[in-house]
Amino acid sequence: MKKVSILSVCGSGTVTSSMVAGKLKEKLREKGYDVFTTESRPTEALNLAKSGRFDLITYTSPLVPGDYGIPTLNAFACLTGIGEEEFLDNVLKTIEKISADK
Amino acid sequence: MDLDLIKIDLNLFTDRAVIKELGTLMEKKNYVKKSYVEAVLKREEKLPTGLNIGGTCVAIPHTDPVHVNDAAIAVARLNTPVKFHSMIDPIQELDVKLVFLLAVKNPKEQVDLLTKLMALFQNISVLKQIEIAANKETIAAIIDRVIC
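Line by line, the protein sequences give chains A and B. The opening residue of the first sequence carries number 1 in my numbering; numbering runs sequentially from there. The opening residue of the second sequence carries number 1 in my numbering; numbering runs sequentially from there.
No lab work stands behind these hints: they were computed from the structure. No experiment lies behind these values; they were computed from the predicted model shown. Certain hints may be false.
Unchecked claim - Result set (DSSO-like, lysine-lysine): computed pairs, CA atoms no more than 30 angstroms apart in a straight line:
| id | chain 1 | residue 1 | chain 2 | residue 2 |
| --- | --- | --- | --- | --- |
| 1 | A | K2 | B | K116 |
| 2 | B | K108 | A | K50 |
| 3 | A | K50 | B | K46 |
| 4 | B | K20 | A | K3 |
| 5 | A | K27 | A | K2 |
| 6 | B | K46 | A | K3 |
| 7 | A | K93 | B | K108 |
| 8 | A | K27 | B | K108 |
| 9 | A | K25 | B | K105 |
To be verified - A short list of chain B residues far from chain A (calculated; beta carbon distances all over 10 angstroms):
| id | residue |
| --- | --- |
| 10 | F13 |
| 11 | D64 |
| 12 | H85 |
| 13 | L102 |
| 14 | V111 |
| 15 | D112 |
Where a beta carbon is used, it is the ideal one built from N, C-alpha and C, also for glycine.
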């Protein structure tokens, strides 16, 4: 399985980001990806993104403006279930693009 | 699902009152620390938790695990909707009839439970069942079926 590392960001870096992380792990495993996630608050995200450990960021709380250097995707669809398929497709496309660029 | 953490046909008129009501139930049974309710209220002001699930609106107030002793979920069904701000667009106000107050202890270990809870909030037919359930026991059974 191909490995993907995702930084999941929400307001308090606990509940919502873990929900999104759980969903991503489940859905991406079906597509052959082994997903590692780290949950964080928006204020921690920029430093974590710059650590180079992550392939992309998903967020349910607005990110602090800055140069993250990796793709950032809004994961609100994961919370309401509305538009979730498109969100997951988008994540998949982003991962595939990253793998192709590596 | 602890039946003592379910309140139906509540007549409360603000998001804060609902959070206090449910949080106090959790505190009485020692699921959460004394600091919990205030922490949830503060968080809700800054990072609101209303969600519009295809027309049916719910709210999932919660806070940092440091205020929690044991994981729990409390449910309020309101007689008349209460305004909660939207998590996705905080300026927007939503009319919420079902509130799920979450006490999360260890998010890493509870990812499975959290994912199931998310599936619960997103399932309109389950939400509708909770809205029309005749009593607390029925609501507890519906929730247990989804999260266990």
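Hint check:
| no. | hint | result |
| --- | --- | --- |
| 1 | K2/A with K116/B | 25 angstroms, holds |
| 2 | K108/B with K50/A | 23 angstroms, holds |
| 3 | K50/A with K46/B | 26 angstroms, holds |
| 4 | K20/B with K3/A | 43 angstroms, violated |
| 5 | K27/A with K2/A | 14 angstroms, holds |
| 6 | K46/B with K3/A | 35 angstroms, violated |
| 7 | K93/A with K108/B | 27 angstroms, holds |
| 8 | K27/A with K108/B | 18 angstroms, holds |
| 9 | K25/A with K105/B | 21 angstroms, holds |
| 10 | F13 | 25 angstroms, holds |
| 11 | D64 | 5 angstroms, violated |
| 12 | H85 | 12 angstroms, holds |
| 13 | L102 | 6 angstroms, violated |
| 14 | V111 | 4 angstroms, violated |
| 15 | D112 | 7 angstroms, violated |
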